[in-house]
Amino acid sequence: MFRRLPDVDGATVEVTIDGRSVSVRAGDTVAAALIAAGVLASRVSDVSGAKRAPYCMMGVCFECLVTVDGVGNRQGCLVPVAPGMRIEMQHGRREVER
Amino acid sequence: MTRVGHEPDVAVIGGGLVGAAIAWGLARNGARVVVLDEGDVAFRASRGNFALVWVQSKGLGMPEYAAWTKLSSDLWGQFARRLADETGLDVAFRRPGGLHLCLSEREVENRAAMLSRLHNQPAMVKYDYEMLDAAQIRARLPQVGPEVAGASYCPLDGHVNSLRLLRALHAGMQQLGATYLADHVVEKIEPRDGGFRLTTRNGEVRAGKVVLAAGNGNARLGPMVGLDVPVRPQRGQIIVTEKVAPFLDYPIVTIRQTDEGSVMIGDSVEEAGWDTTVGAGVVSAEAERAVRMIPHLARLNVVRTWAALRVMTPDGFPIYQQSVSSPGAFVATCHSGVTLAAVHALMVAPAIARGELPAEQYGAFSPRRFHVPATA
Amino acid sequence: MTELRDFYDVAVVGAGPAGLAAANVCARAGLATVLFDEQPAPGGQIYRSVSTTPVKRDTILGADYWAGAAQAQKFLASGAQYVPGATVWNLTREREIGVSIAGSARLLTVERVILTTGALERPFPIAGWTLPGVMTAGAGQILLKSSGLIPDGRTVIAGCGPLLWLIAWQYLNAGARIDAILEAAKGDGGAAWRHAATFATSPYFIKGLRLMLAVRRRVRVVANVVELRAEGRDRVEAVAYRTMRGTEQRLPVDNLFLHQGVVPNVNLAMAAGIEHRWDDAQLCFAPMLDADGGTAISGIAIAGDGAGIAGAEAAQARGMLAGLAAVRALRPDAPVLAETEAVRGRLARFTRGRAFLDAYYKPAPQFRRPARDTLVCRCEEVTAGQIIDTVALGCTGPNQMKAFLRCGMGPCQGRECGLTVTELIAQARGVGPQEVGYYRLRPPVKPITLGELASLPKNETALRSVARG
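Taken in sequence, the protein lines are chains X, L and D.
Each residue of the first sequence is one higher than the one before, counting from 0 in numbering that gives the first Met the number 0.
Each residue of the second sequence is one higher than the one before, counting from 0 in numbering that gives the first Met the number 0.
Each residue of the third sequence is one higher than the one before, counting from 0 in numbering that gives the first Met the number 0.
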């Protein structure tokens with residue numbers, strides 16, 4: 000659970016998270032935007048089915064994998080949000096077509 | 000200094016797929032076995048292969064090899080089941096049949112011609128295979144790209160999780176009482192007192208018999224016990240992708256989806272000596288060909304590449320031999336240690352235990368074939 | 000499409016203090032210089048988002064952070080080509096760099112390479128460390144610096160090391176609530192005092208002390224934690240701990256931050272074939288380097304925390320020395336070379352006291368070699384017990400271990416498990432980590448797509464070794 004510092008301003012952009020329209024801060028990465036939006040688990044482990052969430056936020060742990068604009072296994076902490084972006088959580092393995 | 004209890008019956012040099020399969024087979028036969036292996040970083044073809052259990056194109060030039068391969072493929076199921084029963088490890092052996100995809104009409108023609116020559120060899124073992132045209136391959140594998148012009152299919156082809164196979168053989172052989180010694184590179188073998196004395200960096204081992212199963216290391220060891228093992232390293236480079244939901248039902252000779260979900264791509268042959276550096280050009284060429292075969296693959300992330308060294312004989316066929324000057328010394332070497340694991344465990348091992356590789360089964364694989372002048 | 004030149008004298012990888020300094024010195028000496036960095040803005044981790052942070056009050060992050068802004072500015076004005084959003088996935092001995100920019104991979108060969116890829120958090124494998132809501136302290140810092148986000152709800156920070164106190168201080172400045180700091184028992188406390196005198200004269204001493212005292216005044220600190228566990232089902236709900244003399248305690252939490260120091264990010268350097276050795280003081284593998292960061296591979300140098308953990312100012316000095324070495328090789332008459340001795344002096348000053356910090360904050364063995372049930376490899380979910388049992392099967396090192404258990408085969412390529420696996424094997428075998436070794440790393444050290452790989456240039460030899468049908 001995280002909250003924004005009160006004096007942080009900045010433009011927002013509209014994205015969808017699992018189909019839901021959400022306003023996020025421009026300049027956030029996808030992983031940060033999900034955390035700010037209160038989404039805790041970004042993916043489900045394909046080995047055990049356990050829920051996983053970002054751990055390192057710097058591109059090292061690969062826990063923040065999400066599907067962005069139809070492309071799976073993107074590291075959310077390395078992708079800046081963009082207007083109209085479609086973000087989807089990953090349940091298990093990526094599909095080869097996505 | 001390592002001490003091995005009672006003098007073992009057999010010392011197997013090499014703990015890869017060939018050595019471990021033979022050691023497991025020997026141990027099942029009640030022999031006392033010690034396996035001498037290298038350390039953590041070594042040229043292990045067993046850790047770097049493509050994991051196919053493959054029949055369809057083998058044996059052009061030696062029909063005995065085709066028969067041997069088919070036999071192993073037919074025994075593989077029971078081999079896998081016995082390993083699973085003993086160790087609890089499922090090596091994920093699957094035999095759905097395999098494909099060799101062709102990216103042009105010319106490739107299709109060449110493939111058909113080669114298979115025809117293969118199957119027309121005198122004394123060639125009979126088994127089914129099909130040439131599929133563009134429409135037929137699409138019916139079987141809808142995700143192939145537009146350039147795929149056809150394929151050959153053989154119902155006897157399959158694949159396995161070869162790393163788990165190695166682990167299962169290690170676990171299995173030790174469960175059956177074999178002693179495994181890592182970091183015991185063999186420097187010298189000497190016939191001694193009716194048996195053999197092996198000098199390693201970490202101590203001496205004596206055994207009644209010795210089996211050379213050290214891959215490319217056999218070339219150095221062979222002459223010590225009167226065995227001729229002209230093997231050389233041949234580099235192959237492999238690409239592995241991230242794990243994906245299952246989508247590829249058949250192994251393709253250069254593309255397969257593992258039981259873990261990752262996709263492996265391997266399509267290269269280089270004579271590069273002992274160098275296992277990955278070359279961007281080669282993996283790029285393999286990647287390009289794979290993407291032409293199955294376009295969806297383009298979006299998958301590559302998580303790893305590696306280069307490993309095949310153990311290659313001059314004609315590509317195995318060498319099995321028993322030494323004449325040092326009876327009790329054997330060599331078993333090939334580049335298809337995954338496919339042949341079943342016969343190594345279930346046939347070669349018992350033969351070594353009995354002390355003899357019968358000529359009718361193994362004669363064709365003797366290295367004497369390399370000294371026969373080619374008929375004009 | 001970013002235009003890259005056909006030729007560069009120097010390529011620098013990583014835009015932290017070392018990389019910024021190296022690129023700056025090379026460019027100002029007139030060398031054609033390019034700097035590749037994965038992030039969209041310069042600063043690396045320590046100065047993350049320093050030119051774009053939404054955090055307005057400079058008292059939150061502190062003066063040391065803002066010093067990075069000047070360094071970034073200097074670099075941006077230096078004339079070096081800056082390529083953000085660039086992922087370097089390979090480096091060969093022949094100085095061929097594989098880099099992916101905007102989803103397009105390319106190869107580039109340069110005269111000299113300076114790797115400044117920095118450090119990452121030491122793995123902190125405790126039971127429950129994979130639960131959502133458990134993060135590294137560094138992750139918390141990134142959320143603060145890059146997004147102005149602070150933890151809400153019940154928050155505990157656990158572990159040891161100077162950065163632990165820094166993040167706590169920054170959080171308190173920002174108004175975040177910290178319920179407790181669980182200070183892990185140290186690994187080697189006694190030995191630290193041998194170095195105390197040197198530390199007392201180092202620039203870190205007063206600064207670090209002030210920071211730690213400021214935090215201790217405002218937050219409950221539990222010292223000498225010897226056991227630590229994150230509990231919960233789908234997310235972290237509590238942290239359980241025990242101190243040296245205490246009984247088990249439990250704190251309900253919404254956020255748990257773990258930190259026990261940083262270690263060099265070795266993947267690119269190792270894949271390039273640079274030899275690393277085990278450093279017993281810092282409990283990690285570090286590259287073998289000369290005084291200017293040069294490796295045994297001609298034309299490839301390493302600077303910054305990737306050369307050995309020593310902090311931002313030392314990284315800057317090392318970056319300069321590596322840059323100066325490149326200048327010396329290519330422009331031996333450059334006037335800037337006169338600064339070399341002064342930079343060496345600065346480096347000596349900023350590495351003084353390091354021995355004390357390394358010893359004082361040495362992570363305790365139970366947090367480096369966890370209990371059997373603890374996950375060691377997060378990606379493939381391999382436990383410590385499985386690793387120990389597989390040593391008994393004759394597995395003597397991490398590469399055979401990887402083949403048998405898949406640990407290290409996941410996308411993180413061993414960054415979260417490698418040190419733990421090496422230390423577990425070492426302990427099980429009764430030998431040192433140097434003898435055990437590390438995973439053999441190969442390209443790509445960061446993922447690239449098959450399509451990108453397919454689009455790289457290929458010469459005749461490469462084409463002939465494939466597609467022989």
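Source of the hints: derived by calculation from the structure; they are not laboratory data.
Just so we're clear, the structure is a prediction, and the values are computed from it rather than from any experiment.
Treat the hints loosely; a few may be bogus.
To be verified - Simulated DEER-style distance windows between Cβ atoms: (1) D:430 / L:119: 34 to 42 Å; (2) L:89 / D:391: 15 to 23 Å; (3) L:119 / X:49: 54 to 62 Å; (4) D:336 / X:94: 54 to 62 Å; (5) D:276 / L:246: 55 to 63 Å; (6) L:184 / D:245: 17 to 25 Å; (7) X:90 / D:151: 21 to 29 Å; (8) L:193 / D:391: 44 to 52 Å.
Unchecked claim - On the chain X side, residues computed to face chain D include the following (Cβ under 10 Å): (9) 7; (10) 13; (11) 16; (12) 39; (13) 55; (14) 57; (15) 62; (16) 81; (17) 83.
Glycine included, each C-beta is placed from N, C-alpha and C at the ideal position.
Against which earlier hints does the structure fall short, listed by number upward?
1, 5, 6, 8, 10, 11, 16 and 17
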